[in-house]
Amino acid sequence: MATIATVLFNGVAYGMLLFIMSVGLSVTMGMMNFVNLAHASFSMLGGYVLVVVTQQLGLPFLVSLPLAFIIAGLVSIILERTVFRYFYGTDDLTQVLLTLGLIFMSIAIVTYFWGGTYQQISVPPWFTGQQDVFGLTLERYRMFLVAVGAVLAVVMIFGLERTRFGACVRACVDNARVARACGLNTELVFAVTFAIGGGLAGLAGALSANLLGIDPNFPLRYLVYLLIVVSVGGMGTITGTLVAALLLGVADVAGKYYAPEIGGFVIYTITVLVMLWRPHGLMGRRA
Amino acid sequence: MSTITEPATATRTLANQYFAGLARWSIWEILFWAALVGLFFVPDANLPLYGQIVIWGLFAMSLDLLLGYRGIPSLGHAAFFGIGGYAAGYLGKFGWTEPISGLVIAALLAGIIGWLTGRLIQRVSGIALLMVTLGLNLILYDIVHRQSGLTGGDDGLQGIEIAPVLGLFRFDIFGRTAYLYALAITFVLFLVARALVKSPFGLALLGARENPRRMIMLGAPLERDVTTVFAIAAAFAGAAGAVLTQTTQFVSPTALSFQRSADVLVILIIGGTGRLYGGFVGAFVFLFLRDWLAELSPVYWYFWIGLLLVVMVAFFRNGIVPSLETLVGRLRRR
Amino acid sequence: MTDPQNSPILEARDLHMAFGGLVVFERLNFALGRGERHAIIGPNGAGKTTFVSLVTGLLRPTSGDVLFDGRVITQETPQQRVKAGIARTFQINSLFKALNPLASLVIALAQRDGRANVSLRSVSRERKLIDEANELLVKFGLAGDALTVTETLPYGKQRLLEVALAFALRPQLLLLDEPAAGLSTAQGHELFRQLAVLTADTTVLFIEHDMNLVFRYADRVSVFAAGALVVQGTPDQIRTHARVREVYLGT
Chain H
1 MATIATVLFN
11 GVAYGMLLFI
21 MSVGLSVTMG
31 MMNFVNLAHA
41 SFSMLGGYVL
51 VVVTQQLGLP
61 FLVSLPLAFI
71 IAGLVSIILE
81 RTVFRYFYGT
91 DDLTQVLLTL
101 GLIFMSIAIV
111 TYFWGGTYQQ
121 ISVPPWFTGQ
131 QDVFGLTLER
141 YRMFLVAVGA
151 VLAVVMIFGL
161 ERTRFGACVR
171 ACVDNARVAR
181 ACGLNTELVF
191 AVTFAIGGGL
201 AGLAGALSAN
211 LLGIDPNFPL
221 RYLVYLLIVV
231 SVGGMGTITG
241 TLVAALLLGV
251 ADVAGKYYAP
261 EIGGFVIYTI
271 TVLVMLWRPH
281 GLMGRRA
Chain B
1 MSTITEPATA
11 TRTLANQYFA
21 GLARWSIWEI
31 LFWAALVGLF
41 FVPDANLPLY
51 GQIVIWGLFA
61 MSLDLLLGYR
71 GIPSLGHAAF
81 FGIGGYAAGY
91 LGKFGWTEPI
101 SGLVIAALLA
111 GIIGWLTGRL
121 IQRVSGIALL
131 MVTLGLNLIL
141 YDIVHRQSGL
151 TGGDDGLQGI
161 EIAPVLGLFR
171 FDIFGRTAYL
181 YALAITFVLF
191 LVARALVKSP
201 FGLALLGARE
211 NPRRMIMLGA
221 PLERDVTTVF
231 AIAAAFAGAA
241 GAVLTQTTQF
251 VSPTALSFQR
261 SADVLVILII
271 GGTGRLYGGF
281 VGAFVFLFLR
291 DWLAELSPVY
301 WYFWIGLLLV
311 VMVAFFRNGI
321 VPSLETLVGR
331 LRRR
Chain R
1 MTDPQNSPIL
11 EARDLHMAFG
21 GLVVFERLNF
31 ALGRGERHAI
41 IGPNGAGKTT
51 FVSLVTGLLR
61 PTSGDVLFDG
71 RVITQETPQQ
81 RVKAGIARTF
91 QINSLFKALN
101 PLASLVIALA
111 QRDGRANVSL
121 RSVSRERKLI
131 DEANELLVKF
141 GLAGDALTVT
151 ETLPYGKQRL
161 LEVALAFALR
171 PQLLLLDEPA
181 AGLSTAQGHE
191 LFRQLAVLTA
201 DTTVLFIEHD
211 MNLVFRYADR
221 VSVFAAGALV
231 VQGTPDQIRT
241 HARVREVYLG
251 T
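Residue numbers (the numbering used here), protein chains in the order written: chain H, 1 to 287; chain B, 1 to 334; chain R, 1 to 251.
The reader is advised that the hints may include incorrect statements.
Derived coverage of chain R by chain B (criterion: at least 3 residues anywhere in the stretch with Cβ under 8 angstroms from a Cβ of chain B; other residues may be distant) [to be verified]:
hint: 1; stretch: 77-87
hint: 2; stretch: 127-137
hint: 3; stretch: 203-209
hint: 4; stretch: 234-244
No wet-lab data here; the hints were simulated from the structure. The beta carbon of each residue, even a glycine, is placed where N, CA and C say it ideally should be.
Please construct the entire structure, taking both the sequences and the accompanying hints into account.
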């Protein structure tokens, strides 16, 4: 019988996962105004990297995480340079359709190599099971997720505020045209941001495999959640994404636990209401 | 830049001819509908598939009114298709088996919900608009999916009975009646849509799509026109849903799933927006391709559809019908 | 008893406009006489376009009132004001890029006459509208480009169409925001010459930077600077006014 605190904690863990998965999309959407639905595919890719690394290569779980980040980051930067950048400036619908097509292709590719069923995932023994923390019984893996999410959030917010690259990112999100006019190498900033964002999506995919499972339908299943987090939080903001992801995670888990008949309803209703009240998201710019 | 350059009468004739030309039926249009009727008489024709194409064409056409003519994108248009489908289903289940009146009621219901939606999204645009339409669709799907006591859940609505059309034509298993019924309803609604887009109201929709601010400064009632076109688009989508339910005597939550909303959007984009026929051409291409590819490689047809989408967006963004128009125009000028 | 013919057609009373912390108008008072050809001049950022947007209803003032024909219209929507008789052009063309001038004018006329409600009646049946659109095209020298896609028209013709659309509404008050912007000197003069003829019965308020045009066509001139109406008078008075030189060139 889980207590409210446990449910809340599980919600936060799920939210952290959504945060890591979505933050790249939020920043690239805010910066290049590019709706990249294929971001969900980057996540899936990370999940399959985990599968290959741990199941087929037999390497440790913790090694697969940075590998997932790197490989997903590489794929996203390649796509950005070869395909996406020709579509900057086109309308939202065009980008949605383009990246939707890419999702379809990624699903087929993944099915070709690994089949259509859920993949076997195994995590090291000290990530399984539960732990007593301050009188609460919490799952270890979820604690790991919260820890990783918190560290990444702090690093990103610090990086954004205090580093030179972070300043470049903020400038480009605010007004890329002016940033370019000021001498900023926006192409480079775009590419690097895309790489980091895609890498984070891959990392999230690897992290989520244990919790959510990895199969070819992953992108279509989680695409909606990504879009909700990014639009409710506000594009181009890290804190906004964090807030929305945690809100969504808690609402989803609490909803499924306390009112299973309503479930997904709650999240969608929140999304619609927020979009009607604050079209740029809770913490979006240009409000 | 002088005030009178040529006699006003010459240009007046030109102006009237222009609009008369827009209203006139082209040979392609006549051939199109003749071909659809002709399909019925082709021996061993796959009428169930063609019936599907016609229904999807109607569904995509309804989205065209919204997106192509008024410029309002929607990721949740299947909601109206499903509302019409379930309405027709409930009518058939609880004794109202006459199809045509059932269809009208279902379409009206979808239209009313569409009108309400139009009122809701007045001030929303861009990503927020996509998210609201998506969110509303998902809410509806969730409710229908979960309330299995009322809706039959994933198994769908059972026990739907539809009486023969006009008391004479029973819906048979070969899909003969179904095809003609779908075609007849679609043609009637197409005539309405065609007249609508070629009317001054249709021009106003185009103007609002091109430049809402200019329309405001001409005194145009933008809010009222948005709710009107939303209601009409929803009613037509509902009609398509109702036809599907009636011809198959079945409806399930997939009728209002996000998948369906995405599919109809893809179909319309492939065929081309703003031409009314784009939806039908897109449906032909999409359904034929899916049928053919799924047979060839049941697991990998997704790849080819995805590639088609990418290629279309990259090189034929306007879709098939407008691209053909441009091509024909260029050939003519040779 | 005030003679209705002599009362101002447009009035701004204690108009205060602020965007957050930025105050555009502190307390603007302005009156425009019926039938006047009135020019508003002033350096950039003086609030001229903001003023026009306040009159047309695209913006609402933070406080104060706008009156048209003696009636307070401050809370009226832009569409209501258009129906009351106000029309405007934009500094940057606001046209239907993918449509042609003929269709664009038919749209304007259909809105004016309330003939754009939901119907199944073909546009080709609207003979009166099409004929009037045609006459407008001839009047503005666009007859030869009636069916050309607006986007492909040269800038000068697009500008003419912009004015034609506003003029099509047969407004009582025509607001032109830098109508000659982007036109050559000759084109600008030609445009104003035509307007002078076409707008004999209309009150015209125009913003302009070209002083030659202002001095030739305006009856009265208002000088806006830093959100205030600084000077008002006839073109001759303005031309020689010391304050005006100050406003434009600094002391």
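Which hint numbers doesn't this structure obey? Those not satisfied are hints 3 and 4.
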